[in-house]
Each structure stands twice: as C-alpha cells, then as structure tokens.
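S.K.: Here's the letter readout for the chains.
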Amino acid sequence: MSNSHLFLKSGFPKAPLQNGLGRYIGQLKRVTLKFCKESGASRGMRDFIERELVDFAKENPGVVVYVKPRRHRTPVLVGEYLNGTREWINCRNFTKEEVTKWLELMRTQSGPSGALRLRKMWHTDVPSIQGPWTPFTLKSPETNLVVFPSEEHSKPLFVEKSATEKLIELFQKQKLEDGDLDKNRAK
Amino acid sequence: MFLSKHSVRVLRPLYPLFVKEGQTREIKRWVAPVLKEVNKRKKKMGPEPERPRSSFIEWNYNAELFAFNKRLKEDMDLAKLQQAFVHRSYIIQEEQKQRANGETIINGYTEGFLKFFLPKMPASLVASVQKQLTSDQALAYLAENLGMGDLVLSSEFPLQEGTLADTFKAVVGSLLSSSGEEKAYTFVRDFVCTQLNQKDLAEWIEIEKPFEQLKEVCNGINIGEPEPRLIGESAKNTVLAAYNVGIYSDKKLIGSGFGESIATAIDVAAYNALRELWGFPENMKPFDFNIQIEKVSKMKVVNPS
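If you're matching them up, the sequences are chains A and B in order. Residue numbering for the first sequence follows this note's numbering, beginning at 1 and increasing consecutively. Residue numbering for the second sequence follows this note's numbering, beginning at 1001 and increasing consecutively.
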C-alpha cells in the first residue's frame, strides 16, 4: 500500500444482495459512451461504436446504453451500478480493443473496483462453525472435582531427566545385560 | 294473475320447458307461483346496482378506444387518448390492488419458506422472523439495490422507505398478473428469502425468560425436566468472572452457555438449548434457496396462518 492509497476505502469482497444465490443479476445498469466525432483521441471509441456497440447492447439487454457525441472533448466511459455508485473512465487514445476490455470489466463487476482496497481476497460471515475457542472447550470434566493446590496438577507437563537418573538407568540396563551373559556362560 | 313484464321476459327462453310434448299448449299451473316468488325475492333484494360497462366480459378497452377515435373521425395517438381517460382515483385504486396482491404473495411465500425449513419453531417466532424479513426497511433496501428507485414516478425525492417498499410489492403484484403465480413466487424466493443467507436468526428473535420457556417446551415434547449444572467457572469473585452452565435433561446435555454470573449463564444456556430444540442452532445448516416452488407453496396450504 503506497501513500496515495492512504485514503482509499478498504473492505472485503462481497456479493451485493446475495447475488447469484437465487439468480444472477448483472450489476451494471447504465453505461454512457462520450466521444468526439472528429478528434483522434476518440478514434478507438468511434470504432467501437461503429463495429461492436450494437452487439454489446443486444447481448446485454439489461444494460441501458447511452451514446453522447460532444465536440473536442476526451472520450469517456461512465458506468452506473445498481448499488448507486458511478465509475468514470478516461478513454483518451484508447484502441477499440481497450474500450471493449474496459466495458467488459464494467459489465462484470458490481461497483468501481478500483475504489476499494481489498483487505483479504476472501471473506466469510461465519469464520468457525464450531464457535470460538474458550478455556472450557474440550476441558476434561475431571478437573471440576480437583481441590487446588493439587500436587499432580502443579507439576510441569514435561520434566527432563537429571544426569543422576540417566546414570542409574544406564547402570540398571548394564546389570541386566551382564546377568544375561552370566546365564549364557552357565549353560 | 299478476306477472311482471320483466319476469315474463326473463322466463320466455324457458317457455318450451313449461309445455311438454304430447300435452295441451297451456302454461302450467306452477309457473305463476314460481314467477311470483322470484319477483318477491327480487323486490326484497332491492334494485340491482348499476355496473360500469367495462366490468362486462365483452369489453376490450383497446378496441373501444380505437373505435372512439374512428367514430369521431379523428386521428389521435391512442396512448395519449388513453391518458386523457385516466383519473387519479383510478390510479390509486389500481395501485392499491397491485400492492395488495404483491404483499399477499410476499407474505405467503416467505411464511411457507420459513415453515418448511424451521418446522419445529413456534408460529409466533416464525411470524417475528417473517416480519423482519418483509419489513419496509428490508423491502426498501431490496428495491433500491435492484434499481427500482430510478424508475419510480413520484413527486417526492429522495424516495422514502415506505414508497420504495410499496414499489417492491407493486412490482411483485405486476409480475403476478403478467407472468403468473410461479414466477412471482420464484421472484420472492430469489430476492426476499435469500436475505436469510448467513443471517443469525437469533438477532430477530427475542425470548423472555428462556428457562421458563425451556421447561414448557420440555414438558411439551415429553423429555425430562431441564436441570442447570455448573460445568466450568473461572476467575470467581473478580470482575472477569466467567461461568459455564450446562442444561441437562434425562442426564443428557441439551445446551450450554456462558455468563458473568450464574443466573445469566443459566439464561444463555437455556436460550441455546431452545435454539437446538427449535431447530436453529448456531451452526445451523444453510437454507436451500434452490428449493422447488411447489414444496413451499404446499407447505402454505397445509399450515394456513
């Protein structure tokens, strides 16, 4: 996150109105294509309007398309979404393919996605179906009856063996092995 | 013998019935008394209320408008001509009709939907959930986010919640009249019912004295009297005290809850036990929003509110 994003709104990915759960609703309700009939900056926009706009409108009957020629101004794409937000895209010197690409983005998103910093790429309202952990979770019922201070429960869970204990252990092991040898010899 | 002109006219098509074949041509003796009786009853009912011609079956508004235009030898735009004939009272009446139809569909379907998925929940709680689900606020939110706000023709701006909610109902009403009941029900399922997704129903349900309620419920379903037991405590006699109470019935744990005192912990535990028994536990299975329309509408017929 750079300094320029300090005041950018942040949030999580979400589907407006539980979209897609019942049926999918395209969220772009209106798009306005503003362009100049003469200037070179509008060339790509004019190409798009000539070749692809009618097909776009036919394929997306749920989007109202307005075309607005205006003299000597930068070409612009303005999308309005169902949640009331509005997105403005400067299309100066765009090619026809670029206009198609940006319009496709508008058609498929639910609001101006550039105006939101995603904190995570996923979101859930129910993080755990088991519920949050508490000190009582999975606690053995035996501990309810213990009277504190209790010697057993005051011990650390793991105590390393002392050197003496290790030596005694070694000695015992040796004695056992010696005993086995003696028995073998006696045979 | 007195016979009114009117009744004779009414009965004339029936005349062949009065005279049977192979009999003399005479009016039978029972005809006069029947006509008298009919007449008497008609008088008792009073004059028939006058009905507008448009309420007859043989009425086609478009054809009438077209003919009106031609009759006067004018060439008016039919849509504009129709506007001229529309009065405010008619608009209000039609609006109300559409709204009422939409409301019936919305309430009927949501009720059926909730009853289908929450069969164990008492009717009063189902009603409270349904009330929240179809409140003006909820419907206005839906209407706004489906882009209805832009299309409303109203003198008020910005639109009030009530107006938007009424609009939503009217849209469902118009869907009912234009595409039929099933489409309208599907619309309600897809937009109103889906708002239940990932919603904690406990937010919408208030239970007073949960432990008392739990006792009644246990009696009702013939399981043992609920018995609260302390199953965990921590930081006793401090401000951070926490108690964990479990509720047992027939020596089985039916719910547990936490609280800063034992009394609150019992209430919370009883509430959790009730959630379990009434079929909306915290880890409830999600609703199936692809459910067939008939299943839910059948539910509505079986359990009328």
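Any given hint could turn out to be false.
[Said to hold, decoys possible] Computed list of lysine-lysine pairs in DSS-like fashion (alpha-carbon distance at most 30 Å, straight line):
#: 1; chain 1: B; residue 1: Lys1236; chain 2: A; residue 2: Lys9
#: 2; chain 1: B; residue 1: Lys1215; chain 2: A; residue 2: Lys139
#: 3; chain 1: A; residue 1: Lys14; chain 2: B; residue 2: Lys1215
#: 4; chain 1: B; residue 1: Lys1236; chain 2: A; residue 2: Lys139
#: 5; chain 1: B; residue 1: Lys1028; chain 2: A; residue 2: Lys139
By construction, these hints were calculated from the structure, which means they are not laboratory data.
S.K.: If a hint holds in the structure, say so; if it does not, say that too.
M.R.: We went through each hint and held it up to the structure:
1. B/Lys1236 / A/Lys9: Measuring from Cα to Cα gives roughly 44 Å; hence the hint is violated.
2. B/Lys1215 / A/Lys139: holds (28 Å)
3. A/Lys14 / B/Lys1215: Outside the cut-off at roughly 42 Å; violated.
4. B/Lys1236 / A/Lys139: Holds. Lysine 1236 of chain B to lysine 139 of chain A sits at ~18 Å (cutoff 30 Å).
5. B/Lys1028 / A/Lys139: Measuring from Cα to Cα gives roughly 98 Å; hence the hint is violated.
In the structure shown, a violation is registered for the earlier hints numbered 1, 3, 5, in ascending order.
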